[in-house]
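J.: Protein sequence lines correspond, in order, to chains V and E. When the letters of the first sequence are read in order and numbered with our numbering, they come out as residues 663 to 987. When the letters of the second sequence are read in order and numbered with our numbering, they come out as residues 663 to 987.
Please keep in mind that the hints were generated in silico from the structure rather than gathered at the bench. The model shown is predicted, which means the values in this text are computed figures rather than measured ones. Errors might be hidden in some of the hints.
Because identical chains share one entry, a pair is satisfied inside a single copy or across any pair of copies.
Straight-line Cα separation of at most 20 Å, SDA-like style, residue types lysine to any residue; simulated pairs [as the list claims (entries may be wrong)]:
| no. | residue 1 | residue 2 |
| --- | --- | --- |
| 1 | LYS894 | GLY925 |
| 2 | LYS824 | GLU801 |
| 3 | LYS911 | ASN897 |
| 4 | LYS894 | GLY926 |
| 5 | LYS764 | GLU978 |
| 6 | LYS894 | VAL930 |
| 7 | LYS905 | ARG817 |
| 8 | LYS911 | ALA895 |
| 9 | LYS894 | LYS911 |
| 10 | LYS905 | GLU797 |
| 11 | LYS894 | ARG929 |
| 12 | LYS894 | VAL850 |
| 13 | LYS905 | ASP821 |
| 14 | LYS680 | GLU723 |
| 15 | LYS911 | GLY926 |
| 16 | LYS764 | ALA818 |
| 17 | LYS983 | GLY882 |
| 18 | LYS707 | GLN686 |
| 19 | LYS775 | LYS983 |
| 20 | LYS894 | LEU798 |
| 21 | LYS775 | ARG676 |
| 22 | LYS905 | MET820 |
| 23 | LYS905 | LEU864 |
| 24 | LYS911 | ASP898 |
| 25 | LYS680 | ARG668 |
| 26 | LYS775 | ASP965 |
| 27 | LYS894 | SER881 |
2 protein chains.
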Amino acid sequence: MAETFRWGVIGAGRIAQKFARDMQAVEGSEIYAVASRSGAQEFVKLFKPRVVYDSYPELAEDPHVDGLYIATTHNFHFENARLCLQAGKPVLCEKPLTVNAKQTEALVQLSQKNQVFLMEALWSRYLPLYQVVRELLNENEIGEVLALQSTFCIRANMDEKKRWLSPQLAGGTLLDLGIYPIAVSQWVLGENPVGVQSQAVLSSTGVDILLSANLQYPSGVISQFTSSFMHKARNDLTIHGSKGNIILKEPFWGATTAVLEVGGQQRVFQEPFRSQGFEYQIEEAVRCIREGELESPRMSHADTLANMRLMDTIREQVGVKYPFE
Amino acid sequence: MAETFRWGVIGAGRIAQKFARDMQAVEGSEIYAVASRSGAQEFVKLFKPRVVYDSYPELAEDPHVDGLYIATTHNFHFENARLCLQAGKPVLCEKPLTVNAKQTEALVQLSQKNQVFLMEALWSRYLPLYQVVRELLNENEIGEVLALQSTFCIRANMDEKKRWLSPQLAGGTLLDLGIYPIAVSQWVLGENPVGVQSQAVLSSTGVDILLSANLQYPSGVISQFTSSFMHKARNDLTIHGSKGNIILKEPFWGATTAVLEVGGQQRVFQEPFRSQGFEYQIEEAVRCIREGELESPRMSHADTLANMRLMDTIREQVGVKYPFE
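One chain only, chain V, in its complex shape (with noise of 0.2 Å):
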């Protein structure tokens, strides 16, 4: 591997953007290359990689490639991830890493036989304020966690044509944004809820587009989120101890700011990105890549299982079952 770390594009949209942006904070860490089927005149224009190809498989093959990272619609994860495992390339995939569980196990089987690294670009889990909220858990600030409460509810443009009402591409709130909170719960409480409800309203196209669920930990935890494309809330994540609280201000899922409130006082957290998030996480693949590791410590297999198998609960207690499932 060069010194530079040199990292293929799978897709060349608004997230590609965004990854491609603030990998100009990451040391070491260069745009190589990127794929698109679908034109990346504005992704080349705007990040001048040193490749441009129209095919993945070609990317997948570039030698000189060092990882991958997969920014297309969530229904092309499975197989654009398998494809550069196949090729032995590590990857980061956005998240959420596939549609259904029985993906992600392929997937995982897959990083392991081959022995590639494979990583969920959840990248709330690896910014700087989550390890300042880490710490204060760990500190027993709060006491006792009891209750968890979050809002990932956005107005978004309503089109039955958008990517995010589309069965065919995997649409719904809690693909795009209610797997944040239940990744936020999963991390903090560090196990798998017993009890999980949810009721939701459907889209004419047959996607949730307001969901609401009780997730419940076996220590009697409750975990309470609305994800929603219909209306605004509050955004923030409120963590409940039996002391005190900690909240993760809006928005919680790229979070800069903690507040800490314990017997009436507010102590203020903030840890500013040095760009727009994606930063740290690219840090953390590079990290674990060179270290030859085939998960992440901070985001394992085992984790991104489990959030996917909650949220194959989830769609199925509400109904919504993508077509080439």
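Dock chain E against the given chain V, drawing on the hints supplied.
T.: Here is chain E on its own, set in the frame of chain V:
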């Protein structure tokens, strides 16, 4: 009926005292008598009722009493209210009206059979701010209502002998705290949920000390709330609409401030209490009784019954059964 409305009070504890204090802000009403089995010294000293009884039947039979307010613990509401209705005395009874729907049904039947007024003292419903919220909803300020979210979480004394932890006294967060988010949801939506989901943590005594629920209405609207004795939360209530939100500021159940958020703009509405907030329900009860009504149109028998049925369902889901049921 004399010009001044003469109230008799059953029970002389904290809530009875709040009622009597707020009476001072109600023109044409007075605390005429009190009855307490466990002594009413403090009440008598503070509010100087003309008559003090140590038996409830004597108070209920007092021909000078125009109406009775019941402020005993939940478990006694049914027998206290029945006594009053049988004596032909109008009843304003603390929430919850009874501990379950079966008891409420019996009281409603008795009220109708004996043609005597009966009203649940769910004080939120009569507050001036709630009328403002109703107008905002009627004027379609936030568009279509899509979701409600609220918490009623306090740090309570967890001594097992406390009333709120006692199954014999019908303790638990639901009947003390959860009744408010339920009542507000029902009031906003004017219909009954078709989906009820709840999870709880039970105390060693067997009552709910942390409870999270989702109520889904026929239109799809989801009301999500948590009630807790173990932790403090934000305790406001948000009505999310397609165009904007209305936030009833903490404590939402006794709110004097509402914030209307539309298009990035906020408008603040304030309706301070004349006293501590019970004065409005007292005025409504007196108005109804003077006009010969059997129920208040603002908190009808059907409303109370619907709330009780919902709470029965939730208690069944989380496994809270009182020993006397």
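J.: It remains to establish, for every hint, whether it holds in the given structure.
T.: Each hint tested on the structure:
no.: 1; hint: LYS894 - GLY925; result: between (31 Å within a copy, 10 Å between copies)
no.: 2; hint: LYS824 - GLU801; result: neither (45 Å within a copy, 31 Å between copies)
no.: 3; hint: LYS911 - ASN897; result: both (8 Å within a copy, 17 Å between copies)
no.: 4; hint: LYS894 - GLY926; result: between (29 Å within a copy, 10 Å between copies)
no.: 5; hint: LYS764 - GLU978; result: within (14 Å within a copy, 35 Å between copies)
no.: 6; hint: LYS894 - VAL930; result: between (25 Å within a copy, 18 Å between copies)
no.: 7; hint: LYS905 - ARG817; result: between (35 Å within a copy, 9 Å between copies)
no.: 8; hint: LYS911 - ALA895; result: both (12 Å within a copy, 15 Å between copies)
no.: 9; hint: LYS894 - LYS911; result: both (15 Å within a copy, 17 Å between copies)
no.: 10; hint: LYS905 - GLU797; result: within (16 Å within a copy, 39 Å between copies)
no.: 11; hint: LYS894 - ARG929; result: between (27 Å within a copy, 16 Å between copies)
no.: 12; hint: LYS894 - VAL850; result: between (25 Å within a copy, 19 Å between copies)
no.: 13; hint: LYS905 - ASP821; result: between (45 Å within a copy, 17 Å between copies)
no.: 14; hint: LYS680 - GLU723; result: neither (24 Å within a copy, 77 Å between copies)
no.: 15; hint: LYS911 - GLY926; result: both (18 Å within a copy, 18 Å between copies)
no.: 16; hint: LYS764 - ALA818; result: neither (29 Å within a copy, 45 Å between copies)
no.: 17; hint: LYS983 - GLY882; result: between (30 Å within a copy, 19 Å between copies)
no.: 18; hint: LYS707 - GLN686; result: within (15 Å within a copy, 75 Å between copies)
no.: 19; hint: LYS775 - LYS983; result: neither (30 Å within a copy, 53 Å between copies)
no.: 20; hint: LYS894 - LEU798; result: between (29 Å within a copy, 18 Å between copies)
no.: 21; hint: LYS775 - ARG676; result: neither (32 Å within a copy, 68 Å between copies)
no.: 22; hint: LYS905 - MET820; result: between (42 Å within a copy, 14 Å between copies)
no.: 23; hint: LYS905 - LEU864; result: between (39 Å within a copy, 19 Å between copies)
no.: 24; hint: LYS911 - ASP898; result: both (5 Å within a copy, 17 Å between copies)
no.: 25; hint: LYS680 - ARG668; result: within (17 Å within a copy, 71 Å between copies)
no.: 26; hint: LYS775 - ASP965; result: within (19 Å within a copy, 62 Å between copies)
no.: 27; hint: LYS894 - SER881; result: between (31 Å within a copy, 19 Å between copies)
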